[in-house]
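Sequence order for the protein chains is D and Y.
Letter by letter, the first sequence follows residues 2 to 500 in our numbering.
Letter by letter, the second sequence follows residues 2 to 500 in our numbering.
Hints are computed from structural coordinates only; laboratory data are not their basis.
Errors might be hidden in some of the hints.
Identical copies look the same in the list; a pair holds intra-copy or inter-copy alike.
What the hints assert, rightly or not - 30 angstroms max Cα-Cα, derived BS3-like pairs, lysine-lysine:
no., residue 1, residue 2
1, Lys436, Lys6
2, Lys398, Lys141
3, Lys122, Lys177
4, Lys341, Lys448
5, Lys179, Lys65
One-letter residues, chain by chain:
2 protein chains.
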Amino acid sequence: MSENKAYRELTPYLERIMALQTAQILFEWDSETLAPVEAAPYTARAVGILSESYYRTVTDEKVKELIRVCREEGGLTEAEDAVIRELSEEAKQLDCVPAEEYREFAELTAESAVIWAKARKENDFDAFAPTLEKVLDYQKRFASYRAKDGQKLYDVILDSYEKGFNMENLDRFFEKLKETLVPFIRKLENSGTEIEDGFLTGDYSRQKQEEAARFLAEYVGFDFSKGVLGESAHPFTTNLHNHDVRITTAYSDHVDDSLFSVIHECGHALYELGIPDELTQTLAGQGASMGMHESQSRFYENIIGRSRAFWEPVYPRLQKIFPQQLGGISLDRFVHAVNKVQPGLIRTQADELTYSLHILIRYEIEKMLIEDNLPVNELPQVWADKYEEYLGVRPEKASEGVLQDIHWSQGSFGYFPSYALGNAFGAQIYFHMKKQMDIDGLLREGKLAAITDYLREHIHRYGKLKTSRQLLKEVTGEDFNPEYYTDYLIDKYSRLYGI
Amino acid sequence: MSENKAYRELTPYLERIMALQTAQILFEWDSETLAPVEAAPYTARAVGILSESYYRTVTDEKVKELIRVCREEGGLTEAEDAVIRELSEEAKQLDCVPAEEYREFAELTAESAVIWAKARKENDFDAFAPTLEKVLDYQKRFASYRAKDGQKLYDVILDSYEKGFNMENLDRFFEKLKETLVPFIRKLENSGTEIEDGFLTGDYSRQKQEEAARFLAEYVGFDFSKGVLGESAHPFTTNLHNHDVRITTAYSDHVDDSLFSVIHECGHALYELGIPDELTQTLAGQGASMGMHESQSRFYENIIGRSRAFWEPVYPRLQKIFPQQLGGISLDRFVHAVNKVQPGLIRTQADELTYSLHILIRYEIEKMLIEDNLPVNELPQVWADKYEEYLGVRPEKASEGVLQDIHWSQGSFGYFPSYALGNAFGAQIYFHMKKQMDIDGLLREGKLAAITDYLREHIHRYGKLKTSRQLLKEVTGEDFNPEYYTDYLIDKYSRLYGI
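Generate the whole structure from the sequences, applying the supplied hints.
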């Protein structure tokens, strides 16, 4: 029990906030993995009402007063202090949005992912456009309520995902990626090196892919006594608390999609499983930021997950699961194939090198939607043009273009840059870790726990006690520096392509 | 919008109650079908808090006042009137239980089903006993809070499941069953007729059983666009609303277990799918009573589901799914096998004839637990003795005895009699329906929709607008009369056994 009297008084409110959040997470998980197709409009009512209760609890005048008294009184533990900070932040965010609109938006997004999934399946952008327009409209309106004097709307949104990041520094970051990567990719394309990856596509049965997914998840350290592996149109990770962390994947005829999406989601999951009991089920009991979360998922997926050392001990097991498809493929050919650079249409299938260009495109389009009022119906065109410009490919269908990602359907504008930042955070952390441990050696011996322990010790266990920039500084000794990421990519792919 | 001003004022409270109920249902579903084993104690916290919110909303002084004003003001629609009646009833039930205890109990039952499932799996009654004792203690305490002058605790509990039923009339009902069925079963056993059913047990793969389950569910009318089929230790049906109704089954090496449990749960599901939009997501939007619910599930499972006419059009399909096991078994042999009378240990595997004796045993034990303070640790012994006395079999293991049912773990004392009442309601309804339609003829032609339409028209669409006794009277023209049930059983089994 807290030493601080006001904090003790605040506890029932904090508990209710946590319980309502947990319920909403379960509804989201359920709607994306299991709920019957016709349920959404009805379930949305219940979700809307719970989210209104959440809103009213966070913005309760009594809560605001207790936050103030808590701070005056002092004597808070580090965790309590973080909770108060998060609560006060959340209250500020919500306070400027009218309750009615907050609830309407929750109802809308409880349905919109289902509408998106259907439109994507049927390749019908027009069926999704009106919903997307509504979602976008709410997001812009909410940002305008939150904007301080003269603050740009997209900056308001970006800040909510990653404190201290805005269009100014993200423009610089993406510019750096563009000027380094675009010519480098061209160089690789002209190198004459051909990597064969046809064997990754074919008759990989769903059942066998699930067997491989479960094996990899466990290998990486995902604990099935505290977790679930599900299936959804778009892979994601969610958690009710540190003893119930859930990942999903999607199975297609490209076996590498499910293999690497599972390793990716496990990266997120290990973060949430690493939150200590004292923090879970509190407002400080999640990852520090979306960018830091993606640094973990993409570290597992790419930096270690696509390395030769990672596959050395486990590739034979994969061959056993898919004897017909991989039995005759050597480890080297496999590792080359899963790292093949191939500018393509689908972000989640992108290789590590072109990946950030997919993000760049989304970043630029989000800016246009929010800052320049690009009409939603022009999206497919703009999307296709940008893909042609940066990646040299053009989508024929909306399902391969603007409908491929779930994010916008849920109002998650501003999320995409986190992926690119996550890549860069991850590379910076990796550079430092290598000075302290022989990562390739550990991977070759199958000792993933040693790597996860390091990340748990230095990042996961803090939850939201520290910001992502603080963590980065403490782990690497310096502020965010995207050089590590571009250096890492150039080095890795120069070696792979022998240039 | 309601004509009644107080009702309009009450609406936000009613909506919150509905949303909190929906969340609790989803948590229950999730915990029994999917949640990881270690999640329960943490998730229970969130569930406890939500259930406290539910409690506080229902028992809010403002709500009570609005109920009063609503009634004074008048002009309520039939549905509104039923909602007010249910709300006022629920408020009365909860008001006498302290908030703290209500929450503690919700937390306890969010965990107890998991503890039960583990104990059952490990055949360890002692691991479950302390939890059961706590649950029982709460139920007795709650009943004592609710009891009117001199009312017996078990009567208080029974009334909450089935209005107007108590130990006095249930004793009579079970006495009637006992005196009719026990000698009749003996007669069958001595008839010399041997029914062969060995082919129902064996290497029935889980996957094929699921295929059969999905086929049967659809055949019976379960709509997968509004429903889900899951798997759990104990089959059950639940629903978020009339567009999201979920059934589960369990797969064992007895294929008839899953086949008939699916038809049984579909009977429940059709009831909930038949609730109209105006009633769903309100307090009047569920089945009239547990007994009426069981009348539907057991009507589908037994009265029609185990009839020759039902299987005539679909048995060839079942043979196709299980060619090795059933290919050489004629329709008649199959139908005889699934109706074989065989006094056994497991309620859910019991034939239709001995089934009610399983319920009788539970009824008598519940009376002992609640009225005579039978100590929980004596349960396995008492259970075994009663099985030996009534059914001539004695469980060797708790998992085949007192641990077989989930009900008590969740505090559902008083539920079991609903199964027997449901059987009797169903037979009474069936007797009447047969005068109006050629049920066997419809079944032979695969026209199940005509049967479901009748039940929907006369029972399902009313939700809780009418009580089960009212419905029974309107459908059959008379009050509850268990003769139909005993007559039905004697007639059916005399023909099957040729006596």
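Structure-based check of all given hints:
1. Lys436 - Lys6: neither (46 angstroms within a copy, 72 angstroms between copies)
2. Lys398 - Lys141: Close inside one copy (28 angstroms), not across copies (63 angstroms); limit 30 angstroms.
3. Lys122 - Lys177: Classified as neither: same-chain Cα gap 36 angstroms, cross-chain 59 angstroms, threshold 30 angstroms.
4. Lys341 - Lys448: within (26 angstroms within a copy, 57 angstroms between copies)
5. Lys179 - Lys65: neither (45 angstroms within a copy, 65 angstroms between copies)
Hint violations for this structure: numbers 1, 3, 5, all remaining hints satisfied.
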